Amino acid sequence: MMAAIGIHSLEELYGDLSEEILLSDSVPISQGRSEDEVIRMITTLANRNVKGIPFLGAGCYDHIIPSVVEAISSLPSFVTAYTPYQAEMSQGILQVMYEFQSMICQLTGMDVSNASLYDGANALVEAANICLNFTRGKNTVLVSSTIHPFALQVLATWALGTERKLVLLPEIEGVCDFTSLDEKLTSEVGGVLVQSPNCYGLLEDYSNLAETIHAKGDLLCISSDPLSLGLQKSQRQWNADIAVGDTQAFGIPLSFGGPTCGYMAVTDALVRKMPGRIVGATTDANGKRGFVLTLQAREQHIKRERATSNVCTNNALSALMTTVYLSSLGWGGVKEAASQSYVKAHYLAYHLAQLPGITIPWDKPYWCEFPLVFHDAKKMRKYIQELRNEGIYAGVRFSSLTRRSKDELILLVAVTEKRSREELELYLAAARRVMK
Amino acid sequence: MSKILSDCRYSKDHEWVKIKEGKAYVGITDYAQASLGEIVYVETPKVGDHLALGDDFCNIESVKAASPIINPLAGDVVEVNKSLEGQPELLNQNCYDNYIYALDKFNQSEFDALMDSSQYELFLQSK
Numbered sequence: 001m002m003a004a005i006g007i008h009s010l011e012e013l014y015g016d017l018s019e020e021i022l023l024s025d026s027v028p029i030s031q032g033r034s035e036d037e038v039i040r041m042i043t044t045l046a047n048r049n050v051k052g053i054p055f056l057g058a059g060c061y062d063h064i065i066p067s068v069v070e071a072i073s074s075l076p077s078f079v080t081a082y083t084p085y086q087a088e089m090s091q092g093i094l095q096v097m098y099e100f101q102s103m104i105c106q107l108t109g110m111d112v113s114n115a116s117l118y119d120g121a122n123a124l125v126e127a128a129n130i131c132l133n134f135t136r137g138k139n140t141v142l143v144s145s146t147i148h149p150f151a152l153q154v155l156a157t158w159a160l161g162t163e164r165k166l167v168l169l170p171e172i173e174g175v176c177d178f179t180s181l182d183e184k185l186t187s188e189v190g191g192v193l194v195q196s197p198n199c200y201g202l203l204e205d206y207s208n209l210a211e212t213i214h215a216k217g218d219l220l221c222i223s224s225d226p227l228s229l230g231l232q233k234s235q236r237q238w239n240a241d242i243a244v245g246d247t248q249a250f251g252i253p254l255s256f257g258g259p260t261c262g263y264m265a266v267t268d269a270l271v272r273k274m275p276g277r278i279v280g281a282t283t284d285a286n287g288k289r290g291f292v293l294t295l296q297a298r299e300q301h302i303k304r305e306r307a308t309s310n311v312c313t314n315n316a317l318s319a320l321m322t323t324v325y326l327s328s329l330g331w332g333g334v335k336e337a338a339s340q341s342y343v344k345a346h347y348l349a350y351h352l353a354q355l356p357g358i359t360i361p362w363d364k365p366y367w368c369e370f371p372l373v374f375h376d377a378k379k380m381r382k383y384i385q386e387l388r389n390e391g392i393y394a395g396v397r398f399s400s401l402t403r404r405s406k407d408e409l410i411l412l413v414a415v416t417e418k419r420s421r422e423e424l425e426l427y428l429a430a431a432r433r434v435m436k
Numbered sequence: 001m002s003k004i005l006s007d008c009r010y011s012k013d014h015e016w017v018k019i020k021e022g023k024a025y026v027g028i029t030d031y032a033q034a035s036l037g038e039i040v041y042v043e044t045p046k047v048g049d050h051l052a053l054g055d056d057f058c059n060i061e062s063v064k065a066a067s068p069i070i071n072p073l074a075g076d077v078v079e080v081n082k083s084l085e086g087q088p089e090l091l092n093q094n095c096y097d098n099y100i101y102a103l104d105k106f107n108q109s110e111f112d113a114l115m116d117s118s119q120y121e122l123f124l125q126s127k
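Chains as they are written, first to last, in this note's numbering: chain A, 1 to 436; chain B, 1 to 127.
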């Protein structure tokens, strides 16, 4: 290779670079280790993991995952096959994506879904893109302050250094405040992004919201944990134009926070504005059912710089897990998991609310997660520590997500269908001991 | 040989414009439809939209490409050819009978600046 390009050493290749940016010392990484040494090192690290009963959520939840999910999604034919860039590549993967889309449409009530996006935050950003692409000439998106703080950061990154503007809708008593929304929907605004269950776990009321937004020709996007749709109103029932969220609850393990899988579904009117891959069903020359990538004219390999988005892939393996999970539970199972999460969360919340020194603020409906407000910070630290000593992760400090001092006394507690009665009682007993 | 009508004006992006009853009708030429191939979708503006000269947000998708319609003269959209919604192939079958949208409040000088049929014919030959 060097002979072909006419150089004699690797250093010659870097000849144009100035001395000061070249490394003079060797790269500070250790020498190679034997397999046995590596296994021992990794095992030692793994042993430092503290096992516990998680009541942690804040966007990632410990739900039951039927073993069929891993059994199917680890099949080599799925794992080693890459995303279907060529329609003819793998009918198996294409069918999985098609089933995924069908199930997302059933859950959200929307007309058409894509084959998944990276995660829920990525899906929100793409929704913001649609809002501005559909309503030509506008540059502002209204965003609820009660969407996940990390998703807000991703949106801020999307807007950074461009003409796009984000305007936050304030919160009132833990939910988005839509007072005088009509005035905020200026001629610059293309759409509104909201989330329910929101960053506190609270369910928001979107009555008449879509009507107000549509009257201005703007779009409404609702982000929802899709498992909550087993109980709460779907995005279609709120008359939203775009439904997004993260399918982590559907068979995707916590894995230290990712990878998960974003979903996006829209109304027919927006199908050509939707980013990402879409798999369609068709018949081949012999009249047999088959699957193809469709509506690709939206995408950058056809439309180049005029593409609706730069997303040109999906999260195939996570979408597969989602699809297997949903296939094994069925609609009845989704309702059951959603209901059990609801009932168990409410059981725990009811009893915690009786304790002195803690309040459940705002008296708003919630699903599987709720905020606890402590009356003093010292007690909160003690609570988290003491429960940890009992093998319980008591909850997520909300301020660890927002970095706001006003959130320091808020603990988010998540209870899924996976938490047993015994685990709930263990939590309550420990909480009673600390807060007595 | 592409079909060219003598009663239309032409843009270098292969749109035709024809004035009828004070409205400027805009469509794509025979050359354009033949280059695109089988047309599967036509994205139209909305009645009431103001289009500037050169606006390019409406797309025509064919089985092999997606191309913008480069608006050939500024004006307000007063009519949209609804039949293209369900039958985009009409543009392949008869591109001159099937306009895409019609404008009013356009500027006569912008219309006059477009090529006439003989200029367009020369333009095509030069390609």
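Think of the hints as simulated: they come from the structure by calculation, not from any bench.
Please read these numbers as outputs of a predicted model, since none were measured by experiment.
Built from N, CA and C at the ideal position, the CB exists for glycine as well.
Just to be clear, a hint being listed does not mean it is correct.
[Stated by the list, open to error] In silico DSBU-like links for lysine-lysine, alpha-carbon gap of 35 Å or less:
id, chain 1, residue 1, chain 2, residue 2
1, A, K406, A, K138
2, B, K3, B, K20
3, A, K406, B, K3
4, B, K23, A, K138
5, A, K303, A, K378
6, B, K18, B, K105
7, B, K46, B, K82
8, A, K303, A, K184
9, A, K379, B, K20
10, A, K216, B, K23
11, B, K46, A, K233
12, A, K138, B, K3
[To be verified] Residues from chain B that keep clear of chain A, each with C-beta distances beyond 10 Å, as calculated:
id, residue
13, F57
14, N59
15, V78
16, S117
Results for each hint:
Between K406(A) and K138(A) the alpha-carbon distance is near 34 Å, which keeps this suggested pair within the 35 Å criterion. Between K3(B) and K20(B) the CA atoms are separated by roughly 20 Å; this keeps the pair inside 35 Å, and the hint holds. About 72 Å separates the Cα atoms of K406(A) and K3(B), which puts this hinted pair outside 35 Å; it is violated. Using a Cα cut-off of 35 Å, the hinted pair K23(B) and K138(A) holds, with the two alpha carbons roughly 28 Å apart.
For a cut-off of 35 Å, the pair hint linking K303(A) to K378(A) is broken: about 58 Å separates their Cα positions. As the CA atoms of K18(B) and K105(B) are separated by approximately 14 Å, the hinted pair is consistent with the 35 Å bound. Proposed proximity of K46(B) and K82(B) is supported: the alpha carbons are some 11 Å apart, at most 35 Å. As the CA atoms of K303(A) and K184(A) are separated by approximately 34 Å, the hinted pair is consistent with the 35 Å bound.
This hinted pair does not check out: K379(A) and K20(B) have alpha carbons roughly 80 Å apart, beyond 35 Å. With a CA separation close to 28 Å, the supplied pair K216(A) and K23(B) stays within the 35 Å bound. Between K46(B) and K233(A) the CA atoms are separated by roughly 32 Å; this keeps the pair inside 35 Å, and the hint holds. Restraint check for K138(A) and K3(B): the C-alpha separation of about 40 Å exceeds 35 Å, so the hint is violated.
A Cβ of chain A approaches the Cβ of F57(B) within 10 Å, the least distance being about 6 Å, so the stated non-interface status is violated. Chain A draws N59(B) into its interface by the beta-carbon criterion, the shortest separation being 7 Å against a cut-off of 10 Å. The claim that V78(B) lies off the interface holds: its Cβ sits roughly 18 Å from the closest Cβ of chain A, which is beyond the 10 Å cut-off. Under the 10 Å C-beta cut-off, the non-interface status given to S117(B) relative to chain A holds; the minimum distance is some 30 Å.
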